[in-house]
Each structure stands twice: as structure tokens, then as C-alpha cells.
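> Sequence:
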Amino acid sequence: MSTGPAFVSREQINQLSLLTFCSTNDYQIPDQLLSCSIPQFQKILTFASKLLDLEKDLEHEYTRDLLFAEYLKDIKEKHSDELISVEKKSSSDMNTKLHSLVTKISEMESTYKMYLAESESKYEQQLKAVQKQLSIRESEISAYKSELEVQNQRETKNLSKRISELEAELNVASKSESIIRDKCQQESDRLIKAIEQKNMEIITIKEGILQQREQKLALKEQELQTKIQRQSSSVLRGHDGEHFFANIAKEKMNWDLVKAPTFSCDYSSTINNVLSLFEIKNYTNSIPQTEVTKFIRDMKMHPEALIGIFISLNTSIQGRNPTNPITIEWIHGSQCVVYIQSCADLDIDYTFAVIDQLIKITGVFNNIILCNTAGSQESTLQSRIDQSRTALDKIISRGGKLMKKMTADKKQQIELIETNTYNNIAEVCSQIADIESLKGLLLGEYTEPEVEVEPVVILTDQPVSKKGKKSAK
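According to numbering that gives the first Met the number 0, the residues represented by the sequence shown are 0 to 472, in order.
Keep in mind the hints are simulated off the structure, nothing from the lab. Note that this is a predicted model, so its numbers are computed, not measured. Glycine included, each C-beta is placed from N, C-alpha and C at the ideal position. Check the hints yourself; a few may be wrong.
Here are the in silico distance ranges between beta carbons for each label pair [said to hold, decoys possible]:
id, residue 1, residue 2, range
1, Lys404, Val427, 33 to 39 Å
2, Ser36, Val7, 22 to 28 Å
3, Ser90, Tyr122, 56 to 62 Å
4, Thr269, Ile247, 14 to 20 Å
5, Asn94, Lys127, 24 to 30 Å
From just these sequences and the hints, can you work out the full model?
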């Protein structure tokens, strides 16, 4: 049985402690350890490990007190000697470095003193040169001042002489002032008389113009009252519309529109060797379809009338597109009906030109139909009529749009002319006020002018706007 220690080593692996023991084959674990519980076994192991740690600490303390005591003493003495040698060496090195620095600083100080001496001498030389230039400038300034004083004295003498001459001229001018004032007074009196005479003439002319305006306004008022009375009656309004269209047709195209007892329409006339019927409506509302049916029935009863013109002066026609003011329709094989909506809003010359061309085209087609009695050409002529009808509808639609555009342009130009006329009259009034203020300035009675521009009233024999056209019609 061995007498050596049973404990060999202890290793720590993470949270586990691995204990190694040396044992013999005949060694047996005590029964108390085998029969104890796990907590008791853990306490036994913990106590054993503490005993082992205490054994190690005792060995280390013995080694430190006995074996290393003298070694530590030698090390301390050696360390003190090294510290002394290091201090001596560092002090000697510091002295050598300080000596070099001191010598360098002394050299720099001597160099700086030499530089200061050179700079001081240089600045003294520059200061002497500046003082010399300053003395030269002061002498020049004194000479210039003396010259200026001499020149000022000379100019003062000239000015005093000129003042005396001007005083003499002023005395002469004051003597002639009364003469000039008398002449100006005479001239102003003459101008005032002429202006008063002109003003009287202008007032007389204005009074005549105002009387003419009053007479024209009275006539216009009577005409408007008559029109209002006639407009209140549908029969009188219809007669007025018929007479208006007949007069315009006579004036523009030299057409003689007559009332024939054999026709129920308003007028009939032979234009371009073609018998034409005219129906004029002066309604305030849209033309009903019954009037159109009655007109078509009248044309059917008179096949010798090749074309019929159905005209609405102020309103549209029911059953017709209001955006196309002029439309055509072929009825009964050879008769053409032309519908004109809101004729008063269209250009009169263009409208009558379209009517004249449609009458000519209708006459030409009917002549061709009469001359060609063969039935084989009827389909050809009908296709030509259909093609020409389409083209004619397009031309009439374009013409209607053109008439509307021309009417709008005409209205815009009239408004522009009225605006320019008003501005010109305002400018004339402003110039008259300037003349009056200038007259007051000449007479010594100047006052601030108060210009009042009167509104412009343009009276003409014929109306210049769309409303004027409608009222005349």
C-alpha cells in the first residue's frame, strides 16, 4: 500500500470540476460515502477541495518566506541601483540638450537684433524721404493758395463789374416794363374779344346742333311709339315685315314683289324667268310647322311656281336646324323650297345673292328637265340634282357661318369706332381746357381747370347695330 498522497489534480471544465485521485486495487470507498445522499456528497467534496486549496496556500507561503526572501532583497537593491544610474543618465542628457537649446536661442537673439537694427535704419531713411516730400508738397500748396487768391480777386472784380452792368440793364428793363405791359394788355384784350366771339359762334353752332338732335330724337320717339303700337298687333307686325322685305328686295335686287290673288302666300314675282313665291313671317316666337305645311300645299297647287322662299325675319323655324340659317328642300319632283331663319341677323346683300343664285339654278334644272323628254335621262338628271343639292347645302351652310362672322366683325368695328370717337372728343375737351388755363396764365388769373367730358351721342339716319336693324324692320 502506497504512502503518497491520494489527490492528484483538479481541473475546471466550464461549470464542472474534475478531481483525479490515485488509488490502489485494494482501496475501497467508505460505506458512509456510498450510503450518503447527493447533497451530503456534494458538501464532502466541497470540504475536501477547500482542504486541498488550504494545503496549496500553505506551501506557497512557505516558499515565499523561506526561499524567495533573499532573492527579493537582491532584486530590490539591484532595482535601486538601476534607478540611480537612470537618474544620473537622464540628468546628463537633459543638460546636454538644454545647452544646445540655449546656444541656439542666443544665436537667434543675435540674429533678431541685427534684423531690428537694419529695419530701424531702413525705416528712418524712408521717414526722412517722406518728410522731404511732405515739405515739397506744403510749398506747392502754399504757392497754389496764393495763386488762387490772386485769381479770386480778379474774378471778384469782374463779377462786381458785371453786376453793375446788369443793374444798369435792369433799370432800363424796368423802365420799358410798363410799355411792354400795356402792349400785352392790349394784345390780351384783343385775344379775349376774339375768343369771346369764337365762343359765341361755337355756342350758336352747338345750340343749332342740339335743336337738330332734339328734332331727330322727337322723330325717332314718334317712330318708336308707332313701331311699338304696331308691334303689339300681330297683323300689323306681319304687314310691317312684308313691306320691309319688299322694300329691301326692290332696293337691293330691283325685284317687284306683288300680291297675286291666285296665291295664298305673301308675294310672287318672276325673277330670272322663274316664277317665285315668297312667304315672310315676322313672329316673336318660333315659326310653327303648320305654316310650313300650308306654304308647301300652296306650292303643290301651283306647279308653275318652280321655287318658294320661306323667310322668318327674327326667329327660327320648327323642324329646321337653327345652326344652319339657310336650308333647301326639293318637293314634288321639280320644285325647290328655300328656308331662311332669322333673316334680320344675316347680311342682307349675301342673303339676296344666295336667293338669286338658287332661283337661277332652279330655272336651269327645270329647263334641262323640259328639254330632255326621254325617260332614260331622268335618273341621270336626278343624280345630278342630288349631288348639286349636297354641294349647295354645304355652300349655304358655309355662307351662313360667314354671314354670322361678318355680322360679329361689323358690330366689333362699330364699337371700336365709337370708342375711338369718344376718346378723340375727350382729348379735344382736354385741349380746350389747356387753352383756357393758358389764357388765364397770360391774364394773371390762372385757376386749375375742371374738365368734364360729356358722353358722346352719335345720331345717324340709319341704325348701326343689330338692334337698330330689327327696330327698323
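> Evaluate each hint against the coordinates.
Results of checking the hints against the structure:
At about 35 Å, the beta-carbon gap between Lys404 and Val427 stays in the expected band of 33 to 39 Å. For Ser36 and Val7, the Cβ-Cβ distance of about 27 Å falls inside the hinted range of 22 to 28 Å, so the restraint holds. The hint said 56 to 62 Å for the Cβ distance between Ser90 and Tyr122, and at roughly 47 Å that hint is violated. Taking the beta carbon of each, Thr269 and Ile247 are about 19 Å apart, inside 14 to 20 Å as hinted.
Range check, Asn94 to Lys127: about 50 Å between beta-carbon atoms, so the 24 to 30 Å window is missed.
Of the numbered hints given earlier, the model fails hints 3 and 5; all others are met.
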